[in-house]
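Engineer: Here is how the chains run, residue by residue.
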Amino acid sequence: MEFTSILDMEESAYKEKRRPAFYQDLNLDQVIERIRLDWGEEVSSFYYYFPANSGCEDYRREVFADVKAGNLYDILCGFSGRMKRRREACAWKGEVKENLQRAVWHLREVGCYCEAFGQLLEDMGKLPLKSRGMQAFRAYLDRYLSGTSYAEMQSRASRLLKDMGDFRLVLTYENNRIAIAQGEVAGSFDDFLEKLFPGHGKHLVSPFAADVNLVELEEGLMKAFRKRNPEFFRGVEDFYEKYGNYADDCLIRFASEIGFYLSFCRFERKMRERGYAFCEPVMLASPMDGNEDSIDNGRNNENTGNCISGGNCRNGMASITADIRKDSSKKDGEMKDSAVKDSAVKDSTMQAQGLYDLALACAGREVVANDTILYPGEKFFILTGPNQGGKTTFARSLGQLVYFAKMGLDVPAASAEVYRFTNVLTHFSVEESVETGRGKLREELERLANIMAASLEDGAFVFVVINELFTTAANYDAGIMGKRVLEHFLAKGSRGIYVTHLSELAGEDPRLVSLRALLDENGTRTFRVDRSREEAPADAGSLVGKHGLTYRQLKERLA
Amino acid sequence: MNANLLYRDGEWTEGGRYFEERALIQDLGLNTLFWAAGRDVLRDEKDKDRIIALGEPDAFLESTMKKVMLVPLETEDGIRYRQEILQDCLASEAFLYELYACTKGILDAWDKLGRKAGSKTGSRNSARSLIYEIHIMQLFVDSLSKLKALFGKYAGGLRSRGLVSLKARLDAEFSGEKEEALRKILKGIAFYANDKEHEDGVTARMVNKPRIVLGCSLGDGLKLGDFHLEEVDTDTKRYRNPASLLSRAQGYFSERTKTLVNIQRGTELAAQAESLEFNTVRYIVACCEPFVNAFNGFFSQLHMQAAFYRGAVNLMHHMERYQLRSCYPRAGSREALCFRELKEFVMGLEQHRNPVGNTCNIEGKDLLIVTGANQGGKSTFLRSIGIAQVMMQCGLFVAAESYESGIFPSFFTHFTRREDSAMNSGRLDEELGRMSRIVDHVGADSMILLNESFASTTEKEGSVIAYDVVKALTEAGVKVLAVTHLLSFARKVYEEAGTDPDSGVEFLSAQRTEEGRRTFRMIQHAPELTSFGLDLYEELIGTQFILHTD
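Protein chains in written order, with the working numbering: chain A, 1 to 559; chain B, 1 to 550.
Pulled out of the complex, with its shape left as it was, chain A reads as follows (with noise of 0.2 Å):
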């Protein structure tokens, strides 16, 4: 296998692509805020876009197995500092306006890049990598490195930098003058300094080190000492010359691309020891592919927009399930072959243990565990349950489940079986939108529209999640609408949550899930989710006793 690209086995045009509209509702710029504050360089972009097809997600989850496992993580690390330490020099190159100094700072880049590439082959070497990423990208860095210009340049470049560090220079500075001088000094006073005050610590440091431009002085001094040694700053700039352009796209893009998986893994080790569940999915295969359970017969995309009670909506949706199932058809073998370990299509069902946001973990919230599993025949959640309950908690988590199922990445749960969708797709309401009335719900009717096209793409598999639709709706026309919207995506085949407030749409169907965020016994929000219809009591006047304001307690604590 030729090597393109860690992160996809075709070319992929990540940099032109734009935040996806489902980053901000699903929480995820947070996460990714967080991910790349971890790391420390920027790594958004590789966030932005889902990979070509499933055979590219597979192709990362290997990769990010290697990364996880053994100590390539920290090799990659060591790596990717030495390449940060070239960027830093290249940029000075940039910066710096005397000939001279930009080829010296370009021996530096040169010099780091070498060491950065050499020191990875060797720790490599031996490593028993699985990915077919990681195989492909150490054949070629192999090649590249026992090739004999590279190995040229290398000994050029360190012989160079060697001359360089063994210069010693005395100043003396004395009278309003400063004497340049070659040799050593003993560093007598740095001595009695250390001996007086062992372990403090404190370096005498350069005053010109904030400016990468040589100043006034250094250049005076400079000037005397390139006249005592003009061989050396001849090769210097012959070198600079010579190799210019010196670097290999593949092996620079690795250096950037790695990052992605790098500060993943960083992330979640961190996440790992503050006792958050990662896990690596499973993945199950579109049930599209000729697995769907509830199949009747029927067609007409326009039924669905004409039905309006529950029993003449079942055929209409029904009739689009078997259109896709068409069209889905012809991509059967390609998908099965990439698909060895999915587990038996009939079988699968969607799940996940100990499912949370991770959003709110990265804001060191406290966050609350769900399980959640749709079985066979189930499609679409319905949650309902009191205000600020975690409703909206729980929809995220689960959209976040198949985006970083998606991404190639470990999840935020304990386990999970995810299908392998082929988008997500989200609509939350603009809560701080000034629009009321007709303006904010034409506002979301568009948005909508959006997503409902969306859906309808050749082979689309879509994970939707729906956040309180036409809250400025009258209730019967919101119930009528939401239920037709349910029934767009029913129809399509896409699995999903719809987060309302109107219980009454779960019906009878058994399509849907009703799920209601818990309350305990008190009445006190457990943020818990789990399947359920019952209205769970609430008791205001729990509260008081839990402020401990009764009369008989405030007779005992008084006593």
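I should point out that these hints are in silico values taken from the structure, not numbers from a laboratory.
Honestly, I wouldn't trust all of these hints.
To be verified - Derived coverage of chain B by chain A (criterion: at least 3 residues anywhere in the stretch with Cβ under 8 Å from a Cβ of chain A; other residues may be distant):
hint: 1; region: 220 to 231
hint: 2; region: 272 to 284
hint: 3; region: 288 to 300
What the hints assert, rightly or not - Straight-line alpha carbon distances no greater than 25 Å define the calculated SDA-like cross-link-like pairs of lysine to any residue that follow:
hint: 4; chain 1: A; residue 1: K242; chain 2: A; residue 2: E152
hint: 5; chain 1: B; residue 1: K209; chain 2: A; residue 2: E174
hint: 6; chain 1: B; residue 1: K492; chain 2: B; residue 2: I523
hint: 7; chain 1: A; residue 1: K84; chain 2: B; residue 2: D226
Just so you know, these numbers come straight off a predicted model, no measurement behind them.
The beta carbon of each residue, even a glycine, is placed where N, CA and C say it ideally should be.
Based on the hints, put chain B in the right spot on chain A.
Structural biologist: Relative to chain A, chain B alone:
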């Protein structure tokens, strides 16, 4: 570096105060005591027994005494540790006075340099803050020399563990060797601290010039890096034309090939050379941070701790002024409460006299109930114990011929003030609330002084409350000293205790002579059977009758 004159193994911290110290101060009248600690008693030069006047008030002495007194010591050794130092100080008052004045001088000089603002003046990297730091170093070195000399001068008279070990630590932490090294550094960087202010006075005949020798190497981008300091010095030179020095500079490097960069005043080059000076000095001063940090808190701690003993000596002078006998109390077992001629010091100070003393020898009693006539000295008696207890627990002497008691770091007073005793439920509510807060904080090593508690309700109700509270407290191991008018309460306890010598309860009463005259002494006595109302009657109505018989 610690002063450790208040605690053997640590410096003063604000923590560990008595619970509700404001009530304690008010109930025991401690403010008068703090006031006295802040004033010298000045005596006639020739006739030492003649007191001329009180000195100017020293607010720092007063506030220090207040702070230290309100944090109890918890061990017998801790108390003895301070007593020893106090004995040294009283034996050599001159030493203490000099120590206090010396530390005050140091802090004043520091204030002048900008102690309060010091840490905030501009950035760490400003020349101004660097000069400030050099001056601080200079001040510390000079001050420590002075302190060492002071301790050396009085070494013969220092016997206490605290002062002896402080001297030893000063000698070790600021050894002659260290002092010499620090002075060498200060001399080396003197050009920076002293010269900057009159840099432009080039025509002055003598100028301070730096001489800095550095090693370095070529860093990335040809920048100079990896500096090593070889030498730094201040040369005080007669101002001369730089050209005439050329030969001298060249002579120094005669054996090396060298190149010179000449620095003209007022140019970019001069600014760069100056930043080289700055970084060098900054580095050296930063290295000396451990020294400055080690003594940063030391001087103010030492001053504050000396102030405590200085205040204590003042208190002693006030006692002598009223011929009050004093003694170092014995912190013993918590079973004991024995004293001879214990006097109420605050009352002595306020009324300028030597009050009546009390003698008591109570062993193994957890509850002391004092009853008796009004104005008979009951409250004074209770306060005298409270004051002595607080003074003992901060290492001071007490106004008695002897005093022995247990240590009760959790020490409470629950006094009802006369003006508060109006009978209304709000007052009782407040009293009970205060008691409830105390109950939250009591433990096995607690002592509580009750002065006419629960008098803000009826005698009957108050007695019931008092009985329950006192019973619960004593059962919890709390030592309770109660002055009370609640006769039902006192009698109930008395009947229960009976004549059992192990009952753990002692009853005292204000003594009266057979003629009914008050002696202001407490005697062991069963609770009075008559109520104080009769006394009151005597006082208000019977007065004329008494006058007539006289």
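Engineer: Evaluate each hint against the coordinates.
Structural biologist: Each hint tested on the structure:
no.: 1; hint: 220 to 231; verdict: holds (count 11)
no.: 2; hint: 272 to 284; verdict: holds (count 10)
no.: 3; hint: 288 to 300; verdict: holds (count 4)
no.: 4; hint: K242/A <-> E152/A; verdict: 11 Å, holds
no.: 5; hint: K209/B <-> E174/A; verdict: 8 Å, holds
no.: 6; hint: K492/B <-> I523/B; verdict: 20 Å, holds
no.: 7; hint: K84/A <-> D226/B; verdict: 22 Å, holds
Violated hints for the displayed structure: none, as all numbered hints are satisfied.
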